[in-house]
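> Chains W and Z are the protein sequences, given in the same order.
The first sequence: position 3 = -5 (the numbering used here), numbered continuously.
The second sequence: position 25 = 39 (the numbering used here), numbered continuously.
Rather than coming from a laboratory, the hints here were simulated on the basis of the structure.
For glycine and all other residues, C-beta sits at the position ideal for the given N, C-alpha and C.
Among these hints, one or two may not hold up.
In silico contact screen, one side only, chain W against chain Z (beta carbon under 7 angstroms); selected entries [unchecked claim]:
| # | residue |
| --- | --- |
| 1 | G34 |
| 2 | L35 |
| 3 | L37 |
| 4 | Y40 |
| 5 | G55 |
| 6 | Y56 |
| 7 | G97 |
| 8 | S102 |
Each computed DSSO-like pair below joins lysine-lysine, with the alpha-carbon atoms no more than 30 angstroms apart [what the hints assert, rightly or not]:
| # | chain 1 | residue 1 | chain 2 | residue 2 |
| --- | --- | --- | --- | --- |
| 9 | W | K49 | Z | K95 |
| 10 | W | K62 | W | K3 |
| 11 | W | K3 | Z | K116 |
| 12 | W | K45 | W | K3 |
| 13 | W | K45 | W | K62 |
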Amino acid sequence: DAGITQSPRHKVTETGTPVTLRCHQTENHRYMYWYRQDPGHGLRLIHYSYGVKDTDKGEVSDGYSVSRSKTEDFLLTLESATSSQTSVYFCAISDPGTGARANYGYTFGSGTRLTVV
Amino acid sequence: GQSLEQPSEVTAVEGAIVQMNCTYQTSGFYGLSWYQQHDGGAPTFLSYNALDGLEETGRFSSFLSRSDSYGYLLLQELQMKDSASYFCAVFNQAGTALIFGKGTTLSVSS
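Could you build the full structure based on these sequences and the hints that come with them?
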């Protein structure tokens, strides 16, 4: 299995505080993604990265920022946490590959359960 | 933008066959993917269809009709362990990130 770890696994924080979640991969995959998952909403894309220092916004990027200074690490920061950001956050990686049968499967981390009180 | 529709719940009994549908609207199309997620776990990749037709992997099959903007996931010989949520997904307009549907929760009973 691809090596991808998220930290912390669980976090409780207070409204208004900054929070950083970390995603670390050992697969040298080019693409990394942050999703949030809430009941009734499925997985929603927050931000993604297609290389070191190359990032782009997703569907629900307001209130979040990201950084990728190394291939293996993708950080998600909540600048000032709000209760609406209570969620489970998943990181994913992919490497589309080449050729007619390029693999378009993502590998997900185990998730971070964040509670903002 | 991209949007996907999936039924929210499906129930079935062990040994049966179940089909979970997905319809989509996209600006640009790069294929339809399916993921499985057990309660409390991470999503895992099941299949990817870039072309029309049926792709089979063991008890799982995935179908795509690009002209109908429609696909489905077919599970045969259902087992209790198949109880999970199933998500279909398409790429965003740039083809750089997956957009997921809200998922179908499958409950398998004995």
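> Next step is simple, just say for each hint if it's right about the structure.
Taking the hints in turn, this is what the structure says about them:
1. Because the smallest distance between the Cβ of W:G34 and any Cβ of chain Z comes to about 4 angstroms, under 7 angstroms, the interface hint for this residue holds.
2. At a threshold of 7 angstroms, the smallest CB-CB gap from W:L35 to chain Z is about 4 angstroms, leaving the interface hint in force.
3. For the restraint placing W:L37 at the interface with chain Z, the shortest Cβ-Cβ distance is roughly 6 angstroms, inside the 7 angstroms limit, so the hint holds.
4. For W:Y40, the interface hint holds, since its Cβ comes within 7 angstroms of a Cβ in chain Z; the closest pair sits about 5 angstroms apart.
5. Hint status for W:G55: violated, given a least beta-carbon distance of 19 angstroms to chain Z, over 7 angstroms.
6. Contact between W:Y56 and chain Z, as hinted, is not supported at the beta carbon level, the nearest pair being about 15 angstroms apart and thus beyond 7 angstroms.
7. For W:G97, the interface hint holds, since its Cβ comes within 7 angstroms of a Cβ in chain Z; the closest pair sits about 3 angstroms apart.
8. Checking W:S102 against chain Z: minimum C-beta separation of about 5 angstroms stays under 7 angstroms; hint holds.
9. Note on W:K49 and Z:K95: the hinted pairing is violated, with a Cα-Cα distance of about 36 angstroms set against a maximum of 30 angstroms.
10. Distance hint between W:K62 and W:K3 is fulfilled; the C-alpha atoms sit about 24 angstroms from each other, no more than 30 angstroms.
11. The hinted pair formed by W:K3 and Z:K116 meets the criterion: a straight-line CA distance of about 25 angstroms does not exceed 30 angstroms.
12. About 26 angstroms separates the Cα atoms of W:K45 and W:K3, which keeps this hinted pair within 30 angstroms; it holds.
13. This hinted pair checks out: W:K45 and W:K62 have alpha carbons roughly 8 angstroms apart, not beyond 30 angstroms.
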